[in-house]
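**Q** Hints in hand, dock the two standalone chains.
Each protein sequence line maps, in turn, to chains A and B. Residue 78 in this note's numbering is what sits at position 78 of the first sequence, and the numbering runs on without skipping anything. Here this note's numbering = 1-based position in the second sequence + 111.
Keep in mind that the hints are not guaranteed to be accurate.
Computed Cβ-Cβ distance ranges for the label pairs, DEER-style [said to hold, decoys possible]:
id: 1; chain 1: A; residue 1: Ser26; chain 2: B; residue 2: Pro150; range: 44 to 54 Å
id: 2; chain 1: B; residue 1: Gly151; chain 2: A; residue 2: Pro111; range: 24 to 34 Å
id: 3; chain 1: B; residue 1: Lys180; chain 2: A; residue 2: Lys110; range: 42 to 52 Å
id: 4; chain 1: A; residue 1: Val28; chain 2: B; residue 2: Lys180; range: 20 to 30 Å
No lab work stands behind these hints: they were computed from the structure. From the three backbone atoms N, C-alpha and C, an ideal C-beta is built for every residue, glycine too.
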Amino acid sequence: TQLLEQSPQFLSIQEGENLTVYCNSSSVFSSLQWYRQEPGEGPVLLVTVVTGGEVKKLKRLTFQFGDARKDSSLHITAAQPGDTGLYLCAGGDTNAGKSTFGDGTTLTVKP
Amino acid sequence: EAQVTQNPRYLITVTGKKLTVTCSQNMNHEYMSWYRQDPGLGLRQIYYSMNVEVTDKGDVPEGYKVSRKEKRNFPLILESPSPNQTSLYFCASSLKSGTYEQYFGPGTRLTVT
Numbered sequence: 001t002q003l004l005e006q007s008p009q010f011l012s013i014q015e016g017e018n019l020t021v022y023c024n025s026s027s028v029f030s031s032l033q034w035y036r037q038e039p040g041e042g043p044v045l046l047v048t049v050v051t052g053g054e055v056k057k058l059k060r061l062t063f064q065f066g067d068a069r070k071d072s073s074l075h076i077t078a079a080q081p082g083d084t085g086l087y088l089c090a091g092g093d094t095n096a097g098k099s100t101f102g103d104g105t106t107l108t109v110k111p
Numbered sequence: 112e113a114q115v116t117q118n119p120r121y122l123i124t125v126t127g128k129k130l131t132v133t134c135s136q137n138m139n140h141e142y143m144s145w146y147r148q149d150p151g152l153g154l155r156q157i158y159y160s161m162n163v164e165v166t167d168k169g170d171v172p173e174g175y176k177v178s179r180k181e182k183r184n185f186p187l188i189l190e191s192p193s194p195n196q197t198s199l200y201f202c203a204s205s206l207k208s209g210t211y212e213q214y215f216g217p218g219t220r221l222t223v224t
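Isolated chain B (complex conformation) (with noise of 0.2 Å):
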């Protein structure tokens, strides 16, 4: 089945933890996102890879790392977790580009107290 699976869904962490949400895709896609979802504010994009080893900042990318070592994994990487991260983040991947249609993994809900 094709999909786009995140892990950890739930995270409760104390502000300054080092943390990592995995993100994976098995339909061989050359782009893949990181957003984040706040009440009121759509989703917001975090950062990007158009390919591996090709990353890029979306609009709100302070606090937020991402490697594309491997076509299949794009994990985002909180050096240093503070409450303003707390939020629902989701990773997409699509065929070329974010004007393609994009496939979304199931969400992390992050909570950093």
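Looking at chain A on its own, in the form it has when it is part of the complex (with noise of 0.2 Å):
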């Protein structure tokens, strides 16, 4: 079983702050992908990293995905009340339908 263990598990902050959120594994994965979720809704999609290496921003938030595929990172610049919720890494293998979350990070940005 493939697992991905997230860091931390809760976090509090205020608001401008930078922060980043941790997903690791000892296993590789051909694409890593970010979600996050509000209370009482399902997760929504932040983005999806495919190649070793690679980084992605979206607006205030910069995802990279490890050299060797097995990790991640989530980077938050100036975090706003906004971006309070539980976020979720999750792995899989091309075109597998085994997908594999994280236990999730809880981050509430204080104003």
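**A** Rendered as structure tokens:
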């Protein structure tokens, strides 16, 4: 069974601070996704990274896929209260059905 | 509107009483999957389906059944629910597989007493 470990599990910061969330595994994934989930709703995709070393930016969010495709990070610059939520990483193999999710990072950004 | 729907949204039942949670998608997706979400454990995959009549076990399939007779529907069946199946359940679909963007339903909160 492939496992994805996220850290930290909980993060509480003030508006305007920067933060990084990590997603690590001993397994290689062909692609890795980051989702954001708000209370009472299902997760929504933020980004998919597929190439080792790849960096993708989505406004104030920067995603990086490790060179060996075993880990990923999500960096948020100047966090805002609207960034509050549960962040989940998910990995899988191309055209495979199994999808592995990390245990999540709960982010709270205080005004 | 493209969406994944689940019913019911909330369900309280008793141990041993068979139940079905329905899931339907209107995006003509080939891939569908069921997950359960428990505090501190993220999302764990129960079953998935790569296409009609093709289903396979995820990481936590014990106590659950699924079927995929039509492309749009993927019901989750609990033949004899037990308290340890109390959880938040999500259905998801994607174009081809789990590595494509998955669209999630709104969730079904199940309590088994």
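**Q** Taking the hints in turn, state whether each one holds.
**A** Each hint, compared with the structure:
no. : hint                            : result
1   : A:Ser26 - B:Pro150: 44 to 54 Å  : violated (24 Å)
2   : B:Gly151 - A:Pro111: 24 to 34 Å : holds (27 Å)
3   : B:Lys180 - A:Lys110: 42 to 52 Å : holds (49 Å)
4   : A:Val28 - B:Lys180: 20 to 30 Å  : violated (35 Å)
When each numbered hint is compared with the structure, violations occur for hints 1, 4.
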